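**Q** If you want the building blocks of each chain, they are given just below.
Protein chains: 2
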Amino acid sequence: MPATPPDVFLLPGPVKMDPRVLAAMARPAMNHRGPEFKEVLSDIRTLTQYLFGTRREVAVLSGSGTAGLEAAVTGLLRKDDRVLNLVNGKFSERFHDLCRTFAAATALQFEWGSAVNPENVAAAMEAEDFRAVTFCWNETSTGLTNPIADISKVVKAHDALLIVDGITAVGGLENRMEQWGIDALVMGSQKCLAAPPGLSAVALSERAYASLHSDTSFYLNLKAHVDALAKQDTPFTPAVPLFLAFREALHRLKEEGLENRIARTARLADAARAAIRALDLELFPDPRFASNTVSAIRYPAGIDDAMFRKVLLESHRTIVAGGQDRLKGRIFRIGHMGICSSKDLEAGFRAIEATLAKMGHRFERGAAVAAITNQAENE
Amino acid sequence: MPATPPDVFLLPGPVKMDPRVLAAMARPAMNHRGPEFKEVLSDIRTLTQYLFGTRREVAVLSGSGTAGLEAAVTGLLRKDDRVLNLVNGKFSERFHDLCRTFAAATALQFEWGSAVNPENVAAAMEAEDFRAVTFCWNETSTGLTNPIADISKVVKAHDALLIVDGITAVGGLENRMEQWGIDALVMGSQKCLAAPPGLSAVALSERAYASLHSDTSFYLNLKAHVDALAKQDTPFTPAVPLFLAFREALHRLKEEGLENRIARTARLADAARAAIRALDLELFPDPRFASNTVSAIRYPAGIDDAMFRKVLLESHRTIVAGGQDRLKGRIFRIGHMGICSSKDLEAGFRAIEATLAKMGHRFERGAAVAAITNQAENE
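Protein sequences appear in the order of chains A and B.
Quick note on numbering: numbering that gives the first Met the number 0 labels position 202 of the first sequence as 201, and the sequence is numbered without any gaps.
Quick note on numbering: numbering that gives the first Met the number 0 labels position 24 of the second sequence as 23, and the sequence is numbered without any gaps.
Everything hinted at is true.
Pairs count within a copy or across copies, as identical chains cannot be separated in the list.
DSS-like cross-link-like pairs, simulated, lysine-lysine; straight-line CA separation at most 25 Å:
#1 Lys89 / Lys222
#2 Lys230 / Lys309
#3 Lys37 / Lys89
#4 Lys230 / Lys89
Simulated from the structure, these hints should not be mistaken for lab results.
Computed from a predicted model, the values in this text were never measured in an experiment.
Build the full structure now, drawing on both the sequences and the hints.
**A** Here is the structure:
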């Protein structure tokens, strides 16, 4: 049974957790309607507002990221509402699938690895009326960050609701949700916050909160969740251990400071990209839109995905992610969000160097790790 | 911040957990698409079938009991499908509210504390056609177990689908779901299994599995969850720590033996009822249908609910539940399911005796605790 966990954990979610976040879970049963859990929920509400950079309404749901997206979509849209889904990767495609289930959804497709082009969005919105627009702020599948400010400007000019998957963005990328006019922004616990998987949070604009309806949702009734949290309560039994860990991870974030974490994530991403260049490898996405929370890297010719990740894991106790769907076998992905450190990245690239060298890829040995070390020393 | 947890934890869910179940959660991040988690899911599938006493399809969802009910209802019914909800307490009422959101639901009401009367169900089903019938096997709010075999007989005679809330029943009450013809049976992790809250499981009949549709659900798409689990996978990011704890709690159950746990739960319930009589108190529900997993007890005249539970908690570090909705202030409730032991019950009734005596209720001191001790010694 369970081998010891990998030493270097660089998946783009779930991500490495602080031991104090893990320890917060292993607590005897708690009455989730009692004063102690009310205090937990009170902390969580305040700290979740801090995480999102908003004083408006937030909800924390006992369900993973997709549950948060569904709560936002079913709370804001009805079956006949027209929604435009901007699709440029696996997660925005899934978001489109979700929207097709609950509304009248149209996909506007972009090449995977290319950013959403706001001009195309404008053209689509001029051609047809949409009540809402959705996209993935950070497309984890392609390691790409969409130009959220520019997209928002277009959507707001057409007065549509803007529902954003920020699952691997919130807490890792600079966020101006109120300024940009985002109506619903969703995050997942196991990404930039570095809490365990299983919870999602949603932050709402004033307008979005005012237009929430409860006609087509029950467990994920967003209005019920928002209103309950404002009274330190939950509409249904919450996943108590995950809430305890979520609170601890929020405290951990607050101690570091949101701005500091975002800046540190950006520096780590720069270091990762320098290391990738040093390995004579290329990013998968358009480099102008390379994500700061996850790097997606093209395999050089002759490097087999399964073998590469097997050697990394078995010989170097290092875990990275492969590509998904049409990108399977073509890329690998490294998460550098949450509490990931220069040391983690150094260890990861040391393992990647050794593995690529063993598999016959040619590059200057030591340069990738040195790129990260130099960056860390300059801090 | 957090006071030490109560010493005697007798809520009707969440319930006391084994330290090994708690410890299973505090594990570093795990790749939920890797071989180790596949093994977790494989164990969970087999052991969940054991828990339900079925070899048919099961699903485990990252969402609490209500999520399991919603998955069953949205997977089996459509908006225009007529469903009859048998209502005799808070949780069956909530189940009706859920069904009204997703189908054409009619409630058949019974007095809270009375059992569902199968004759009334037969009359309702003769008067109108229903595609499905729902009820709470064990009404946690009133401490009552509905006559599931008799209700099932009526429903099956009309060839309707039978969707059962077994949240505080499965793993604690004798279960013959295949023989009775239950089409969908839902349990919650934090009840008779004594795992943390946040997961639910659904077991399906062959007929139910064959008629699952995916038109109106996404995160809780039951077919997707069932089919994924059969391949040791999940359709969306699972709440990994809760799955690890769930598996550990299932192992713990298997070690005790399902039949043994059910028999032990019945003996504990007998002991609790003897203790309640010794305190000169009365059960709230019709005693012919008193639940083996939770006892609901009427307050004697002059005992204030809030004061009673405050003294219990603060002076005796013992937690029990109050009544809900229309029963608030009128009853208190004790859970005796999961890994609850005679020792727990003894300690709980010792505290209850002391508290009632202090508050002026008259009874033979020591008799309640003695009733439990005697029962335990006879085992």
